[in-house]
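Asker: If you read the protein sequences in the order shown, they are chains A and B. Note that this note's numbering has the first sequence beginning at 1, numbered continuously upward. Note that this note's numbering has the second sequence beginning at 1, numbered continuously upward.
Keep in mind that the hints were calculated from the coordinates and are not lab data. Be a bit skeptical, because a hint or two may be false.
Stated by the list, open to error - A few chain A residues facing chain B, derived, Cβ under 8 Å:
id, residue
1, 22
2, 81
3, 85
4, 111
Each residue gets a CB set at the ideal place from its N, CA and C atoms; glycine is no exception.
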Amino acid sequence: MPAAPAHEPRFAIEVRDLVKRFGAVAAVDGISFEVARGTVTGLLGGNGAGKTTTIGMLMGLILPDAGTIRILGHDMPGERAVLLERMNFESPYVDMPHRLTVRQNLTVFGRLYRVENLKARIAELVEDFDLAAFVDRKAGQLSAGQKTRVALAKALLNSPEVLLLDEPTASLDPDTADWVRGRLETYRAATGATILLASHNMPEVERLCDDVVILRRGRIEDRGSPSDLLRRYGRDTLEEVFLDVARGTRAEGAEPAAAQREEVEP
Amino acid sequence: MSATRGAGGFSFTRVGAMVLRYWYLLSNSWPRAVELIYWPTVQMLTWGFVQLYVAQNSSFFANAAGLFVGGLLLWDVLLRSQQGFAFAFLEELWSRNLGNLLMSPLKPSEFIVSLMVISIIRLAIGMIPVTFLAIPLFGFNVWGLGLPLAVFFVNLVIAGWSIGLVIIGILLRQGMGAEALAWSLMFLLMPITCVYYPVATLPAIVQPIAWALPTTYVFEGMRAILVTHTFRIDLMATAFAMNALWFTAAVFVFYRLLAAARRAGSLLQQGE
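Throw the hints in and build the complete structure from the sequences for me.
Answerer: If you want it as structure tokens, here you go:
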């Protein structure tokens, strides 16, 4: 992967002692982690583990109660306006305007991100994501797979240096999901972008991620590379590791859970 | 690596992007465009015929033609500017697009300005044809008011924006559960701001509340022109001053509600 320029911080994302409470519930309870530049990090956890809240804070949509977030060396949310032009986000739970065509949507978002040579960039994405057959169709008329491709094209419009993905392949058929993963791998390899991926799909995490952060009840329960986690838990798949963590069970002979590491090697 | 221009302050490019987004929405959906004209037309026809009937039976109304239709048209400017502002924002909730916008570089101030622009566009589409329709049907030419019309218009639009701002702040904080406010809040003002009758008609205890609304001065000013044929500069100056106060307060309330929504995490939970 491309090395970070000398003047750029080593980590694209640095989270320190992050806390977010909703009433008496600690949705995020003092987590710290880093995401090295050019890597893909998986954010895993069951429902209510704190993944979406963490992503919300990384995007500046939710204000933390305590802790700090630095993205590309800038404070979030303090320097949110500067950062968001260098980031993007995709989730199947956020739609594009249904009554606008795909081209109109990409045009609007391209202008919001002030993308230079927008027409050429849209043409490039239409080709890369194979959107030509429905680029002038309204977004509300697309299938789930087509919508995901359009949402990913929108997420890459500004060639983001940091890309946050919330279950990007949820509800997609295996073929389309595989295609999406391929596009993400290609984008990362071509640009050296940093990707943080929240997912419940363990094969996807094993395939894409260099590092995995497992959340449980707002805390980091464990972290490591997929191969490291498999070795330490004595399991064959990440899904089994996930179940061990979620249920507090362990295979016989498994190593104790590692303490939260201060940092991870890219 | 980024293909974007350097980040700066307020961006008219982003304002233009949002106006374009709403323009696409209107131009892609003819029922939306028709709906903009439909209600003002129905209202104008109803009140126009009421006025004809009353004028036939009252010398006062016969001599002050246009009181009802004029009140209605100006009321619609106020209502449509608020609704145009709030409905454009609601479109983002209805289409589940708000997350994309809030996670884009779009600043709240740019979002607000784009909503102002689109509310004027929607207002123009809805109201201009109706004002021309009122001329042959009821003999009332609102354009004949001249400069005072522009002053009335500006004051009413700013008042509509102030209320629209508070409504979208509440929507951000409370989600779609507060949608009904966008439709109904303005009607709470209707009896108090004296669209069709003078402030003196109200009970004495309510009159101070009426005079606390910038819109009341506009409707009183309209009646002064139609009844006594005088343009009350004092009323308009007060309306502008009160509008400045109300708009500033609305901006403050909006930003407080936005900050509260960020603290509560409700920006990620927009829905029922």
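Asker: Are the hints correct? Go through all of them and say.
Answerer: Verification of the hints:
1. Contact between residue 22 of chain A and chain B, as hinted, is supported at the beta carbon level, the nearest pair being about 6 Å apart and thus within 8 Å.
2. Because the closest C-beta pair between residue 81 of chain A and chain B is about 6 Å apart, less than 8 Å, the hint holds.
3. Checking residue 85 of chain A against chain B: minimum C-beta separation of about 5 Å stays under 8 Å; hint holds.
4. For the restraint placing residue 111 of chain A at the interface with chain B, the shortest Cβ-Cβ distance is roughly 3 Å, inside the 8 Å limit, so the hint holds.
Of the hints listed earlier, there is not a single one the structure fails to meet.
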